[in-house]
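Work out the full structure: start from the sequences and follow the hints.
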Amino acid sequence: MRDSAWAAAFPGFLLPRGVAEILLKDEKSAILGRDNREAMTAIEIKNLVKSFGAVKAVDDVSFRVEAGSVTGFLGPNGAGKTTTLRSLLGLVTPDSGEALVNGRPYTSLSEPLTEVGAVLEATSFHPGRTARNHLRIMCTAAGLPAERVDDALGQVGLADAANKRVGGFSLGMRQRLALASALLGRPKVYILDEPANGLDPAGIEWLRGFLRHLAYDEGAAVLVSSHVLSEVEQTVDNVVIIARGRLVRQGSLSELTSNGGEAVRVRSAKAADLAPALEAAGAQVELVDDGTLRVRGLDAEAIGQVALDRRVVLTEVTQERSDLQKVFLDLTEGR
Amino acid sequence: MIKLVKAELQKLFTTRLWWILLLVMLLLVGVFLAIFIAVAGIENNGASFPGRDTPEWAQMVWASGVQMGWIMVMVLGVVMMTSEYRYQTITGTLLTTPRRAQVVAGKLITGLVVGALFALALLVFQAIVVIPTVLISGGELDLSASHIPQISVGILVSMALYALFGIGLGALVRNQVAGIVIAVVWTYIVEPILSGIPVLQVVGKWLPGGAASALMNIDIDTGLGRPDLLPAWGGALILVAYGLLFAAVASATTVRRDIT
Ligand SMILES: Nc1ncnc2c1ncn2[C@@H]1O[C@H](COP(=O)(O)OP(=O)(O)OP(=O)(O)O)[C@@H](O)[C@H]1O
Ligand SMILES: [Mg+2]
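Going line by line, the protein sequences match chains H and B. Residue 1 is where the first sequence starts when you use this note's numbering, and the numbers rise one by one after that. Residue 1001 is where the second sequence starts when you use this note's numbering, and the numbers rise one by one after that.
Don't read these hints as lab results, they were simulated from the structure. Any given hint could be a false lead.
[As the list claims (entries may be wrong)] Dumping the calculated EDC-like pairs for lysine to aspartate or glutamate here, alpha-carbon to alpha-carbon at most 16 Å: (1) B:LYS1003 to H:ASP299; (2) H:LYS46 to H:ASP95; (3) H:LYS56 to B:ASP1258; (4) H:LYS46 to H:ASP59; (5) H:LYS56 to H:GLU111; (6) H:LYS270 to H:ASP290.
[What the hints assert, rightly or not] A partial selection of chain H residues facing chain B, derived with a Cβ cut-off under 8 Å: (7) ARG86; (8) GLY90; (9) THR114; (10) LEU171; (11) MET173; (12) ARG174.
Since this is a predicted model, take the numbers as computed values, not measurements. For every residue, glycine included, the Cβ atom is placed at its ideal position computed from N, Cα and C.
If you want it as structure tokens, here you go:
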């Protein structure tokens, strides 16, 4: 049911899924898959299940991320985000289900850094190694040209710290270095686990812009996890929310936040007089307390007009936005 | 695979551990050599230590440093593997090369290379000290009587393999401190006891250290009688078998594990 709602919201998603299934049935799917990489879904998780002992870390999660979009992967602590992303990257072997990048398991990619850039939580570096050496080693192992190292360091603003030992880096600098390592291969798919951790407000702002740049200017598919909705709400197009290993909700950000409709808070000494007039003008009015009304169905200007006609003095008119963090909490706790 | 070996060598040479271990190895070997030079030719209760001009002395000193070499390269191998877990760099390594068997193979080959490089450093150091000493003492460097070529081959092969053993051990225990302690206790205490005390040599000759001694054909009376060793070819076979065993352990413990 959830699935069909998703499909109805994004009818365009039906086509690639059909294409992918035909391709997968074909014996030559590996070759076709490569040639048709543009047409493949960038990230696809299908019925993923993973337990650690008695803990079901991920329980039947499915979603997909298309090129040119940013998807926020949200859930409270311990929801299973990291486990899902690590399964996607071949670091954790799922009990069942599939996690595919460009239509294939990560472990079967022959040049993974050129297809996928990943930043993982708890990615660490040898404290005695310099930032440049760390990236150089990755370039060597991946067969990438060594010039990429300085390009990537420049992109994340670490050019000046290139020859410093990572042991002396701040958390935010480490996070930037991790991001630099994801950029080395100039991939078109990014998988980022809480990349904003440890960044200062300016750093978070920079990261937002950078992710948008990757998705909209370079056409990359970006999957970014967070346990704070407000951290990603300005960046993401789509959200996937999980809690306790289970998928709670997925859809576009606007779809998620528009439920309930917009309300306007109105305060006035004569609130009781104003209410019937607003109702007559077509609004649904809720009396919050003596002097406060919550009005739906009329915008602030129309409400002001009604008040003017009735010669009622308003002491406050506030647009009530649906509090995203509250929506998120309701969704993850209410299960 | 060449890319991976190059990357592993970069990992090693961009951190400080390798030269610390190399320095410690040469320092300790230097101490041994000094002792051997000092006690040469001294008589004690009728038994006399060979003189500096004899091939027996040359053989004895030439083989004296290898045990230190084993300890250092095995520790180096342990650290090559365990530091990936200790600092979580294993994540980046496996993201770059998701086929884990290749990562393990790259590390094992690098271990062999680095073990052999350490052995070369040891041999050069011994040559610099021992050859002038023999010549100054009026002796002649008799290569065949002193077994120096065969001992050298044994040092090279056994040290290369001990580095590989360290990688296998590191993959098995993953904890860096535990791995280092096991490696040192094994090479410094357990093996010397089992291959040094005659009644225990039935066991000792089958261990890597005993097999390596057989390969080097060390035939020295340590005062406890001549050692009970396998033939040289048997020692070589046993060593290679241990190499394969540790390689299998390293890949079996790495290929399936969840990296969380
Ligand atoms: N290696 C492991 N062994 C045992 N349990 C684990 C392991 N890794 C994760 N878990 C459990 O799986 C569940 C999901 O953990 P996961 O790290 O995926 O959550 P998360 O959504 O990333 O949380 P956070 O926001 O705190 O990073 C948790 O209950 C966690 O305790
Ligand atoms: Mg996590």
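For a quick check of understanding: which of the numbered hints are violated here, in increasing order? 1, 5, 9, 10, 11 and 12
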